[in-house]
Every structure is written in C-alpha cells, then in structure tokens.
Amino acid sequence: MNADAFFALADHLNAELHGAEILFSNLSNESSDFVRLNRNRVRQAGHVGATALDLTLIEGVRQVEGGCDLSGDPTEDRSRARRLLARLRERLAHVPDDPYLSYSTEASESDHCGDARLPVAAEAIGELIASADEMDLVGIWASGEIAEGLASSIGHRHWHASTSFNLDWSCYLEADKAVKSAYSGFDWDPAILRGKLETMREGLHIMSRPARILEPERYRAYLAPSAVGELMGMLAWGGFDLKSHRTHQTPLLKMARGERSFDPRVGIHEEHDRGLAPRFTPEGFPTPPRVALVEGGRFAGCLVDARSGKEYGEPVNAASDAPGSLGLDAGTLDVSEVLGQLDTGLWIGNLWYCNWSDPNDCRVTGMTRFGTYWVEAGEIVAPVKVMRFDDSLYHLLGDRLEELTRERELLLSAETYDGRSTDSALLPGVLVSGIDLTL
Amino acid sequence: MDHLFDVADLFLSTAPACDYWTLRLVAEEHDHLEVRQGVVEPSRLTSIAGAMVTLVKDGGIGYGATSDLSAAGLRAAAERAAGWAQVHARLGLFEAGIYPRSSTRADYRTPIEEPWSTLPIGEKLDILQTANDALAIDERIVDWSAWLARRRVAQLLITSDGGRVSQVLDYVHPGLVAVANEGSQTQRRHGGGSDGSQQGGLERIVAVRLLEDAPRVAEEALALLDAPECPQDTRDLVLLPSQMVLQIHESIGHPLELDRILGDERNYAGTSFVTPGMFGRYRYGSELLNVTFDPTVPMELVSGVADDEGAPAAREYLIRRGILERPLGGSLSQARAGLPGTANTRASSWDRPPIDRMGNINLEPGEGSLADLIAQVERGVLMDTNRSWSIDDSRNKFQFGCELGRLIEDGELKGLVRNPGYRGISASFWRSLDGVGGPESLEIRGVCNCGKGEPNQSVYVGHATPPCLFRDVAVFGGGE
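As given, the protein sequences belong to chains G and E, one line each in that order. Position 145 of the first sequence, counted from 1, bears residue number 145 in full-length UniProt numbering, the numbering being contiguous throughout. Position 285 of the second sequence, counted from 1, bears residue number 285 in full-length UniProt numbering, the numbering being contiguous throughout.
With the rest of the complex left out, here is chain G:
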C-alpha cells in the first residue's frame, strides 16, 4: 500500500467519525523476500506481503485501540477498517476515562522515501552461493520495501518508507567453530560481499587450530562491536525508559540513585536523526534529533513515550520505551591497535543469549559465540570453546573499562519478529581489564 492509498483510507474513516471522536490511524506495510540458507544452499524461500492498520479511537478522555490486516484492495480495506472502527466505538462506551491519554493536538506532516539500488533477490542469492563456494554458509536474506504511515482526524499526515536488504549469515568449520558476518543497506555491491567472505575464510583458517578450553575465572578481554551490541541490547530492556525508572525497575537503578556509575568516557544516546526509523510517534509527536541517556558515565535522561510522558509529566521524546537508534560514544583506541593493547586475553567477536542475572546490580549473563579467540602477546593463537560470562555492566563499562575504539560500526538489526526491524546501533569495540567467565 502506498501513501496515497493509506491517506485515502484514513480520510474515509475520518468521515465516518461521530461527534467529537478523534481517530489516529497507523499503517505498517511490508513487501519482503525471505531466503533461508543452509550449507550454502536454499533451505526455504518465499515472499511475504503484509499490511496492518492500527486505529486509536478517542472521545473526550477515553480511548480504545485496535488493529487489523489489510488486503491492498481499497474496497475490501475500507470494509475491514470500518468493521474495526465499529467494534472500537462499541467498546469505547464501556471503558472509563484514561488519565494518561496523550496525543499530539497539532497537525503535522512529513514524507520520507529512501533511495535504494537493490538487485533482484534471486540474482543476489545466486551471487552469494557462487561466491561462498565450498563454504558451509547458513543464514537469511531479507529484502524489499517497508513503510510506516500516520494519519489522524486532527490533520497529521506522515509517511516513512525505505527499501533495503539485510543479509545475516555465518560460515561453519565444524560443530561450534564458526565465524559470522552481516551485510545490509540500500546499495548492493557484490564486491563488498566477496570481501566479507574473504575475511571469513581467513577467520575460518584461525578456527581450524585446536580450540583453547578456558577455566572459569576473570580474563582480560576485547569485545567487538557486535558483542557490545548484545550488552546494549540488555540495557535497552528497561534501562532507559521513564516508567522503569519511576517504578524503580530499571537495571540502572543504582546509577539513577547516584550510587554507581560507568566510566566517565561512556556516553549513550538515542540518535533519532541517524536512525532508520520514522521521526514521529504513533500519537503524532515528532521525535527530537538526539536524547542523552548516559553522559560522562552518569545517568542523563530517559526515553519518554506518550503515555509515560503524561503519567509522569515529562515531554515526549520517543515512540516507544526501548531505543531503536542507539549510539555509544567512540573512544580513542585505534582498531588496528586492539590486539597489541589486549596483549593476552580474550578477543570476543559476539555474545549471545544474554539475560539479567541480577538486574539490581546491572549483572548480565550470556555466552561467547562466533569468532572468539585466545590472544597472546598481541597475536591470535587459538579459537576458544564457548564460555558463559556473568558480570556487572558497572564493571565492564565502569571500573574495568580500559578503552573504547575510535572507529564505530553501524549494526542494522536483522530481527523480523513483527516484520522487518528498522532498529540500528552505532557502536565501538570495548577493551576491559577483566570479564568474569563462570562455566
């Protein structure tokens, strides 16, 4: 569904409103090719065309929400949307006033359509399989257009569309010996893909050495940006949203209370102006370019969505309570000097399956995975058998933080649970004097 069709549908619904009713319509549209690969062959391939409409019906200080899938046929979609509107109106009569109802009362407009140069998906898959000849490649290709729209009876008209590809894959040597890579964006260049595969071949060469089995204890370590991304993903889970802070559930509770802090070089921001996500909230609020979350290692501010903003009296600065365009400030360590600075310890390419082991102390557990090596005297000497860590971010980003890299990597999310994600993160690598391995 394109912007014109969506706005026409919204106009049709707005014309159906009774009395003082207000309607917010939000659209999610996706046309995606998905190709799943295993052993450098196609395991499962297909196309998904999905369009979903969300409605919020408001009357006075009461509201109800609803959603339905749309077909793309204007007549059918008007019928589906009207049925949903009728059900919401029926329910609205039976819900009480909502003290936290919050929406933008000022009409606004925006229109963003990103440019892209994508190949036909089948041709890209053919190139990938040919380039990865004799490698045990496994992963997912996702490509196509995703769009989000907002229209309201107040006069909001917003559209945000982008066409992109996201190839997320790994190459295996045996059992758990594997290296991982990703290539995503808006301009497909087979030369970049071939370069990444060549780097993976070099990684697999190191992986072919006998694996080092480590004992549970504290190790000096470098965490590559993908590994740092997993730790930032944990902080995104309750770390920055206003409600978690005001109800004392945030894993940064001790930081918010001034009892603990990160290293003064740690700055964490929600970078709306850099992200791939829309710059408007479902309730019609524009988002600011940046939100400071941690500055100088100390708590700086929260992400505030419309509902929490009303409940706690703060201005809205985000569409949801989790960051979608997170950035961790760069440091001064040149990536080329990482191995020398690490000297002896762990080079951790990825972490996996992280979870809070004690949120009160910002303590996270998780596993090493993909491309994790033992380093001696600044040289990679062996891959490492997977190990579990369990440590506090107050240590890893605090008293045991040695350096952050000067270079940062932009990581685009490959998640597709509720459609293709527009989340991204811009992250440096992190050198720490110690990380606790437990199993």
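Just so you know, these hints were derived from the structure itself, not from any lab. Heads up, some of the hints might be wrong.
Stated by the list, open to error - Derived lysine-lysine pairs resembling DSSO-like cross-links, with alpha carbons at most 30 Å apart: (1) G:K177 <-> G:K254; (2) G:K310 <-> G:K177; (3) G:K310 <-> G:K180; (4) E:K414 <-> G:K310; (5) G:K254 <-> G:K243; (6) E:K124 <-> G:K243.
Said to hold, decoys possible - Pulled from the structure, derived: some chain G residues nowhere near chain E, Cβ distances all over 12 Å: (7) G195; (8) R290; (9) A330; (10) S336.
Quick reminder that beta carbons are idealized off the backbone N, C-alpha and C, glycines included.
Go by the hints and put chain E onto chain G.
Chain E only, in chain G's frame:
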C-alpha cells in the same frame, strides 16, 4: 472458520498447476485488557487474517504469503511461490520430491466452558480492578497490574492431495505482577496464571485463582526485599513446575529439534549438542527421566489434531527411562535426516513458513508429593518461577534465575532467599535427577514466547511437569 472455507473454495476454483500445493489460512483474534495501578490501560482488539501458498513445482519449493484473500490475491501469492520454487529447483538444499504430502482430514476445536463473549467488558474490568486493588498492600509496592488476554486462532490447511485440517484454538491468559522496592533493591513476583497458560475460555480465571492469588503475590514481593541472598555453593535443588517448564524447554525441547541438528538454525537459534547417532542409545538423564511429545493432552497449549503440514498428531516418547529415543522433527526433517520424528512442524502465523517446533513437551510424573521430594534433601534450595534464562547455542551450558527461593535443611523448608540462580550443563544435569513428583503434583503450563527461525517466529509451547529434585547443583544469588 466459515470465512476461511469460503477463501479455500476461491483458491480451489483456480488452483495452480503444479506437482503439489498447500494453502494454509490463518485468522486470529486478540483482545488484551489490563489494569495497572488502578488505571485501566487502553484495551486492544486485533484481527489477523492471511494465507500462505506453498508450491512444489518443476523440482523446487517456494512460498508466497499475503493478507489479500481475494482470488487475485491468492493467485498472486501462488505466482510468487512458483517463482521461488524455480530458484529452489536450481539452488535448493534438498530434492523437492521429499517434501511431505498430506491427505489428512481432521477437525479440532478447543472445548470451552465459558466463551469470552459471555462476560461483558465492564465485568471483566471489574475483576481486574479487584485483583489490582488486592496487590496494593504496602507503599513499598511500587508497581502492580492485573491482565486478561484472549487469543483465538482459526487455521485451515488444504492440500492438492485432498487434505483438509481445520483447527480452532482458544486461549484466555490471566496474570498478575507486583513490584516491591526499598532503596536499591527491587523484587518482582508474578502469579494469577501468568506462567500457567493453557487452552480454554473464561473458566481459566477461576482455575488460576486470579483474585485469590493477588495477596500472596504482593506479600512475597515484599518479603523478598528483606530476604538474604541465595547462597553460592553446590547443593541439592528442588524445582517447582514454574521453573521446570523452562528447564525442559531449553535443555530438552530445543536440543531435540531436528532442524537444529540438521543445521538450519545455526546462524540464529543455534545448533544442538545432540547428534543423529545418539538416538536409541544416549543416556540423556537418570532412569527417572521420561519425556513425551504429546499433542493429545486435553487443553495444553499445543493440543490439536495435526501439525501445519498436515501430519496427524500422535503421542511419542522422546526420552524413556533416561535413554534418548527420537527427535522433534516433522515429516520434511525426518526425510532429510532419515530419522523417525513427531508431528511438530508449525508456523507462528500466516506470514511465516512452518518449521520444526516443540509442541507439548511433557515430563512424565513419577511418585510422591512435593513434600516427599523436600524430605529427601539434607541441604538444598527450592526455586519458584523463572525470571532469567540463558543457554549456549548448542543448548548445553545453561544458567537460570528464579523469582523466589527457599532454603531446605534436613528435609524441611526454611526461610526465603532472593535472587536465586543455578547453572549447569544439559548433558550431565539431567543425570542428577533424583526425584520426580507424582501425578497429583503434575501441572500443565507452557511458554508463550518461544522464539526461533529465520525469518523470526514466536509461538506457544506447552509443557506439563511435576516438581523435580536434582542433586549437587551450582547455585548462587545476586550482587556484583
């Protein structure tokens, strides 16, 4: 469901020419009601409807999924599927001829005592308000809520071989949470059915004691604030069903998924420490360990008559007397691996293709009560309700945390401990199983957010289990 039959008729009238096709139609209704801190949250009604056409054509397999259920929409989806079948024919992992064909004809509908519609929304909200009020017992309760969620999934699978499977699954999920805080310590307790999901109607509200459970939930959250940390050492461990669910799910269910063993999931959800050669001889656990795949248990989350490729549902032993017998693999994985499996190929909705998933994975009961298990422990800890889960990509090294712990000394329960956690290795942990509760202690529960697959899919998974006793486990508490 009638609407889905109409759509199926539309498709049948212009069915594509190919070796084999399936049409999988899904229509879902969701309703979520919640009261938080005495305020009714915005209620949410959602309708989902769409179709997936899968074609086997010219030596390849492809799928096309669409929310356009018109004849033109279905035709377009079939054309997309045919296009991808051409790619698969050229670059596919396996021969299209092994794709499973189904002629199963069966129907299933969740038996419901009290349909969702029998209670007006105002009365549902009144119940939630009452439960909510009962949670607010102290100023240190800093957040609290009660909810009621309803989901109905109507599915229709038809195939070019004459298969026709209709299933209507109904769920009502009540739940409670109370959050207590004092200084830098925050503790959370769930209850009222929040971790005990089953199929059913509004009768689930009474079954999970939503109203009666609220005071316990709030009192335990408060008590945890003052409880000592769980000790860090090695001791015996009694896990209640609320935690056994996760232990079974992560360290038996996932490792036995045949698509993981075949390598499909290595880039995302992971692989498995289980290899094809282990089936029929590997000692997975002690003699007390008996685990079944069982879609026939009444009202469990994944009870039904067939999987999403039309394989008829049947109970199978996965592990018997501790010996590994068979993997969790649907018909396609069975053909690829040359191993017997189970009818467990499922998709999260119309927009995702079916893959190997856990259905109902149940730990069969042993003998005795929970008290009998505790009586066997000289020095141990009991843990209740999962709050943290993490396991390596081969599903071997795990670490779990629970909301609440209780010390056990000389066969008796003692005081609370907070932030209880334990860690171990799947390949040896189950061999330390030394007690399994009897049928009277068995609880039917499940997981409603099992994530897997590329593209990603989140599904419901059923687990029934009694409490269990494990010997000499590494346990620990909170703190930096």
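Right, here's what the structure says about each hint:
For a cut-off of 30 Å, the pair hint linking K177 of chain G to K254 of chain G is broken: about 38 Å separates their Cα positions. Under the criterion of a C-alpha separation no larger than 30 Å, the hint pairing K310 of chain G with K177 of chain G is inconsistent with the structure, at around 50 Å. A threshold of 30 Å between alpha carbons decides the hint, and for K310 of chain G with K180 of chain G the separation of about 43 Å lies outside it, so the pair is violated. In summary, the hint linking K414 of chain E to K310 of chain G is not supported, as the alpha carbons are separated by about 45 Å, beyond the 30 Å threshold.
Among the hinted pairs, K254 of chain G with K243 of chain G is consistent with the structure: their alpha-carbon atoms are about 16 Å apart, no more than 30 Å. At most 30 Å may separate the alpha-carbon atoms for a hinted pair to count; K124 of chain E and K243 of chain G meet this at roughly 26 Å. The Cβ of G195 of chain G sits about 20 Å from the closest Cβ of chain E, beyond the 12 Å cut-off, so the non-interface label holds. For R290 of chain G, the condition that its CB be more than 12 Å from all CB atoms of chain E holds, with the nearest at approximately 29 Å.
Remark: the non-interface label on A330 of chain G is consistent with the geometry, its nearest Cβ contact in chain E lying 27 Å away (cut-off 12 Å). Distance check on S336 of chain G: its Cβ is at least 29 Å (rounded) from any Cβ of chain E, clearing the 12 Å threshold; non-interface status holds.
Violation of the numbered hints given earlier is confined to hints 1, 2, 3, 4; the remaining hints are satisfied by the structure.
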